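2 protein chains.
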Amino acid sequence: MVEKKVKKQKLEDHEVEGNKDIAKRVYEKLDNIVTQIKNNHNPTFTTKVRGLSNVYYDEKKQFIQLGDKQVTRPFLNLGAARKFMQTMIVADKCHEYLLHDKTASIREIYYELKHTVKGTKENTFDGQEESNDVIVDLEHSVNTIREKLGLQADPKGSLYGDITLIDRKHENDEFNASKLGRGGWSIMSRIEPEEIEIKDVNADYLLVVETAAMYGRLIEEKFPKQNKCILIGTSGQAARGSRRLIHRLNKEFNLPVVVFTDGDPYGWYIYSVIKSGSMALAAHSKFLAVPDAKFVGMTLTDVEHYGLENVTEKMKDGDVKRAKELMNYDWFKSAGWQKEIKLAIEKKIRIEQQALANKSLDFVAKEYLPKKIENNIFVE
Amino acid sequence: MVEKKVKKQKLEDHEVEGNKDIAKRVYEKLDNIVTQIKNNHNPTFTTKVRGLSNVYYDEKKQFIQLGDKQVTRPFLNLGAARKFMQTMIVADKCHEYLLHDKTASIREIYYELKHTVKGTKENTFDGQEESNDVIVDLEHSVNTIREKLGLQADPKGSLYGDITLIDRKHENDEFNASKLGRGGWSIMSRIEPEEIEIKDVNADYLLVVETAAMYGRLIEEKFPKQNKCILIGTSGQAARGSRRLIHRLNKEFNLPVVVFTDGDPYGWYIYSVIKSGSMALAAHSKFLAVPDAKFVGMTLTDVEHYGLENVTEKMKDGDVKRAKELMNYDWFKSAGWQKEIKLAIEKKIRIEQQALANKSLDFVAKEYLPKKIENNIFVE
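Line by line, the protein sequences are chains A and D.
Residues in the first sequence are numbered from -2 upward in steps of one, following this note's numbering.
Residues in the second sequence are numbered from -2 upward in steps of one, following this note's numbering.
Honestly, the hints are just simulated from the structure, not real lab data.
Note that the list lumps identical chains together, so a pair holds whenever it fits in one copy or between two copies.
Quick list of in silico lysine-lysine cross-link-like pairs, BS3-like style, CA-CA up to 30 Å:
hint, residue 1, residue 2
1, K311, K118
2, K196, K176
3, K222, K356
4, K99, K363
5, K176, K5
6, K248, K176
7, K313, K80
8, K90, K45
9, K111, K363
10, K21, K219
11, K176, K222
12, K26, K45
Keep in mind it's a predicted model, so treat the numbers as computed, not measured.
Excised from the complex, chain A in its bound form (with noise of 0.2 Å):
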């Protein structure tokens, strides 16, 4: 069995760091600003290089990181003067939302500042494409994720178990998630400490599943209850809301993580990002990877031991790519993951959770997750 040692631990400051505490360091930034303007000097902006130049695995935290190179914009540059314009709007604007407590989508915040600048005919911003770059920027800057900037952005997973929350912002609602019928709580985009609070869990261990169908299977079988874990279905590749509510489970409470998802490299890739983080936001591994968390299934051995030869799927040209791509990141290097890509590769064949209702509807909650889990069988 996964090891059992649910207590509420205390998170690190990056991770706890509330509005005024970012809205300080965004002030700071921006009077930094105005004071290298009023001295006449040619302000500078500094964030950090993305892009695979400065994205590295960190062997040590065992996740994604983006690395020190730091690119300094100066405002007085043709090439430069509107990016740095569109950064001190931006900037600006989550300050405010800082300051009054508001949030907003990055969709809402493009079109909230989207405008022609007054005695020109130059708009703010041309497309989200533009506002979107900047606030990565930003966040680099001031070192922290959107989430902790007022922004948000699309939610989706679902949460059930036995598990208290408090929505501290929204007249504190204390509500537990396995009282809430079938359907479980509908994730929010931000997970913040100082807006949701995990009052209490109860729990030994949280399983991940990909499927929202498997979600529904293992709440009809009881699988929570009678194995006592929290479930949360991402509906594929996981939210940011839904990566930092596991982040937190697992840091905060010391709840181990079980990631159980298709047998397919788009499956793989939703556990790796939940344990390792990926290059888009390397940056951010610190708030939402988990390195620790165990990948149960499904696995092209369970095809053979289980004798599901019959309810494999073939696979794509494109899979085959994307799995030997995979088979190069250094996060899948370990003996038992080469051997596991390796098998789907040579067979070319997936195998999804779904399928396992060919032995019956109830097996994979009643035999294949209890066994597994409680022996240890995970590809590591």
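Knowing the structure of chain A, use the given hints to seat chain D on it.
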């Protein structure tokens, strides 16, 4: 303002039928076939003809319907025998689900029943499209929806507001969707009266919004409380579970339904499916449609009225083509809709819900929606 008359109503018989009712009908179908075989007749299975030739818009009921044309499949026919076999095993399996209060996703029933028929090289199914197809036949033959056969689609969508639900099949969990923080309830894929009781609704109307971000915005602005409404976020095209819940709130509680989407063909279609049903599910409108649903926006008139020209987006050629198609649908023939769609095609622009942030973040909640809803400014 939309009309207020929230009082629990009795639903029609076809809506409240439970597992035993449907199991009985499935059994009779199967028993009839056994009798035919025992009498040495060539057994037949009768269902409805699908496709455009049997689909029409019912002007009186104001939704899309499937006609009465039937098709009868004989077992002793080389072209029909395989499908006949598939229909029998799916019907038998659904009957088993209903007797044991089980449910399965359509992917699970496919996997559960997929095998090689003993003594042959014939697979029961060669792909899920084959089992899906037979499921629709069965729905039509038994005159119900798959949810009442124990089957389900993937859930999607969230519910927020002063509404109390009871999950009768899950420890009678009782919860109020205004007490779940800003996330709300994750709407299940099956919302059948036998299982999910809507105990109480304290609201003047139901607002259905297209995007998860707008759902979040309105909760942050305390719109549902201040305007005494229930909120459902569909996250794009509404899933069957969300549609069934919207339909039930309208039928069971006479709750007026107001739909709020982007002003583009995709948004209009989301609205029209909620209101009039869809051609693909023509047989199910009586379980899902809401003929008196109102469309509040976004509209092309809004663009001029609120000075949003700067935050419109260009319609792509595909959008224009789709808009022209919609203009020809019977359920978009009203003067209001013809004018709206024509205007969009002429200007070749679309307008998103979130573009209202250009006025201010809370504009949608404090100004736009309350004024339009109070003054009945709907596209009709």
